[in-house]
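J.: Those sequence lines, one after another, are chains A and P. For the record, in the first sequence the residue sitting at position 48 is 47 according to numbering that gives the first Met the number 0, with numbers rising by one throughout. For the record, in the second sequence the residue sitting at position 89 is 88 according to numbering that gives the first Met the number 0, with numbers rising by one throughout.
Careful: at least some of the hints might be erroneous.
[As the list claims (entries may be wrong)] List of simulated lysine-lysine pairs, BS3-like, C-alpha gap at most 25 Å:
#1 LYS2(A) x LYS118(A)
#2 LYS56(A) x LYS116(A)
#3 LYS89(P) x LYS164(P)
#4 LYS202(A) x LYS164(P)
#5 LYS2(A) x LYS84(A)
#6 LYS164(P) x LYS9(A)
If you are wondering where the hints come from, they were derived from the structure by calculation, not from laboratory data.
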Amino acid sequence: MKKIFNYIFKENPVFVLILGLCSVLAVTNTFEKSYMMGIVVLIILVLSNFIISLIRKLVNDEVRIPVYIIIISTLVTIIELLLNKYSKPLYDTLGIYLPLVVVNCIILGRALAYASKNKIWDSIKDGLKSGIGFLFAISIIGLIRELFGKGTITLMNDISNLTGYRSIIQVFNNDVLPNQLFLTSGGAFILLGFIIAIINYMKRRNV
Amino acid sequence: MFTIFFTSLIIENIVLNKFLGICSFLGTSNKEKNAIGMGISVTFVVLISTILTYLINKYVLIPTNSTYLETITFILIIAAFVQITEIVIKRYFKELYHSLGIYLPLITTNCAVLGIVLLNTRMNYTLVESIMNALGASLGYAIVLYIFAGNREKIENNNILESLKGIPIALIMAGIMALIFSRFTI
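Bound-form chain A, shown alone (with noise of 0.2 Å):
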């Protein structure tokens, strides 16, 4: 349990080493493209861990990067092809933040990082723990988002046609609350800044 805790909050991707900010704050405002977008970048994650694990013994150091890049990018080019297929409004909302998966640098980070060095199975959990880790800030963010900013929480709404289910939870709508702030770039940077300094402070605090 400990163990969890620690992926999510101490060795958080977004949160502590600052990285894959660009969808963070640009898919976010509402929390089914938060999560949508969190999925798709942990199947990308596991999937590019584990294949640059098991050809890291035929790439030469020279051309690590490129090869790594097209193997992350033909990743995303199928999940592209899949959400273009199956969930059209999905696919049509993320836009470009979609193929921008390609340069998210969680992604090559940890092929760098990790699994062009490392076993197999080692690769596919250090990918897991990752992409949960993105999977929950995001997540987070985007219902902070989405909660103040439109008073509502979007569970399913464009994968609707997909899961055959639509679900939007009104909570509240008053004259303080939902606050146009919330959803706009600004109010991203500025949310995405205090709960950093939080975490930092809650660090602190803890050592």
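Chain A is already provided as a structure; the job is to place chain P on it using the hints.
T.: Frame of chain A; chain P shown alone:
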């Protein structure tokens, strides 16, 4: 045409509105000098790769009906171009290499470059419009990076809460800048 330029320069600023290139934005913006180096390198790479990807998209991908390969093709073009630039600069412009060299490898994985190129194809811009958009967006990146670096140098010396130091205060400052920039209209 100039509307596209100014829109991508200020109103829909690539960093503050589209959230692209934030990694390098936070990483290299602690000194004004680094900010200028990064800004120039990004502008150069974005401009050339926009032209290259436009031509390849129009004359190779669309006629062969393989636009689904755009992500792979574009990232390869960018990576190859960055690599070539690095080799050329290293060979012929020694001084420039020492001041810009360290930023060049970072540009491949800078989401701003791939982001601008993808936006151009998604919006179906013509060549001139693409170049205008690329120029506006990358100059916007450079300007914001420079302003941000200047402010950050000042704020580092101030007496602020220990937990807010470094990244958190930088993000909050970026947020305030984003709010200001979002108020510009044409």
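J.: Out of the numbered hints, which ones does the structure contradict?
T.: Of the numbered hints, 3 and 5 do not hold.
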